[in-house]
Amino acid sequence: MTATTTAPVTAPPGRPRTSLSGVGLVLAAGFSVHSGSAVAASLFPQAGVWPVVAMRLTFGAVLLLAVCRPAIRGRSRADWGVVVAFGAVLAGMNTIFYAAIERIPLGAAVTLEVLGPLVLSVVAARRASAWLWAVLALGGVLLLGQSGFDRLEPLGAALALVAGAFWAGYIVLSARAGSRFPKADGLALAMVVASVLTLPLGVAGAGTALLEPPVLALGLTVALLSSVLPYTLELIALRQLPTATFAVLMSLGPAIAAGAGLVILGQALTWSELAAVGLVVVASIGAVRSGGRRVAA
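Just so you know, we're using this note's numbering here: the sequence shown kicks off at 23 and counts up by one.
Derived by calculation from the structure, the hints in this document are not laboratory data.
Incorrect hints may have been included.
[Unchecked claim] Okay, the calculated beta carbon distance ranges per label pair:
1. A88 <-> E175: 24 to 32 Å
2. P235 <-> L154: 21 to 29 Å
3. A180 <-> G288: 18 to 26 Å
4. A50 <-> R99: 18 to 26 Å
5. A50 <-> S201: 23 to 31 Å
Using N, Cα and C, we set each Cβ at its ideal position, and we do this for glycine too.
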């Protein structure tokens with residue numbers, strides 16, 4: 023979700039009816055997240071992966087702390103354990119995903135990454151029919167590789183799959199943080215942990231390049247596009263959409279990422295790769311509907 027990461031969100035009480043404005047907000051949030059990843063990829067030649075990850079998480083942490091103002095007193099050791107684990111997963115997920123999109127197109131990377139949440143949805147559904155969606159997703163991956171994983175670069179593809187495993191961990195930990203902290207407080211605190219883990223390596227990797235105004239401006243843009251804007255749009259959308267509709271729309275991530283990669287980075291996918299993206303999107307939607315509901319990531 024970039025792979026991206028937005029705040030864990032839960033639907034408000036009641037069952038809101040689907041509205042076109044709500045659908046538009048979710049799609050806008052998805053394009054914002056993947057546009058942030060595309061902007062991050064454009065920064066790699068200037069700063070490198072670690073510095074971009076550090077800026078994205080640090081700026082994101084500062085912005086979320088300013089918005090959420092989470093209370094830190096009165097928390098148990100178990101609460102802080104969840105925050106630290108959540109932060110470590112955020113750091114790992116973002117670093118590995120950014121390392122993947124440095125090597126392979128954004129659309130292909132998100133298509134592979136989304137397999138992590140998809141497998142989690144299939145397992146959580148505990149229905150034999152849900153495994154049909156896993157088979158469909160596997161068909162998409164095989165089709166993606168038909169054009170040659172040498173075009174995608176094997177290491178980049180492997181990193182995207184590992185990022186997907188971290189994304190599944192993110193979903194589990196975001197749910198736990200959401201049950202222990204109000205609103206997005208758990209995410210804000212976890213972002214601080216992730217920032218602390220990545221900032222030293224980011225500074226070491228970029229040195230004075232991090233202080234250049236154009237680099238800082240793009241880093242702030244990545245944080246806004248990848249965290250603050252999509253979280254706000256999703257929160258508003260959930261007041262207008264049923265949770266199931268929201269989850270289905272979130273499954274369109276690979277297709278939106280392919281569009282962002284084309285528009286911002288000029289990364290065109292082959293017809294077989296586009297078909298693979300379509301299969302994984304359909305499998306994700308089917309897995310969501312089989313599972314009844316999914317934690318948004």
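- prompt: Does the Cβ pair A88, E175 satisfy 24 to 32 Å?
  reply: About 38 Å separates the Cβ atoms of A88 and E175, which means 24 to 32 Å is violated.
C-beta pair P235, L154: status relative to the range 21 to 29 Å that was hinted: With a Cβ separation near 52 Å, P235 and L154 fall outside 21 to 29 Å, so the hint is violated.
Could you say whether the range 18 to 26 Å given as a hint is met by the Cβ separation of A180 and G288?
Because 24 Å falls inside the window, the suggested range holds.
key: Whether the CB-CB distance between A50 and R99 falls inside 18 to 26 Å   = violated, 39 Å
Falls inside 23 to 31 Å, the C-beta gap from A50 to S201?
holds, 28 Å
Going down the numbered hints, you'll see the structure goes against 1, 2, 4, while the others check out.
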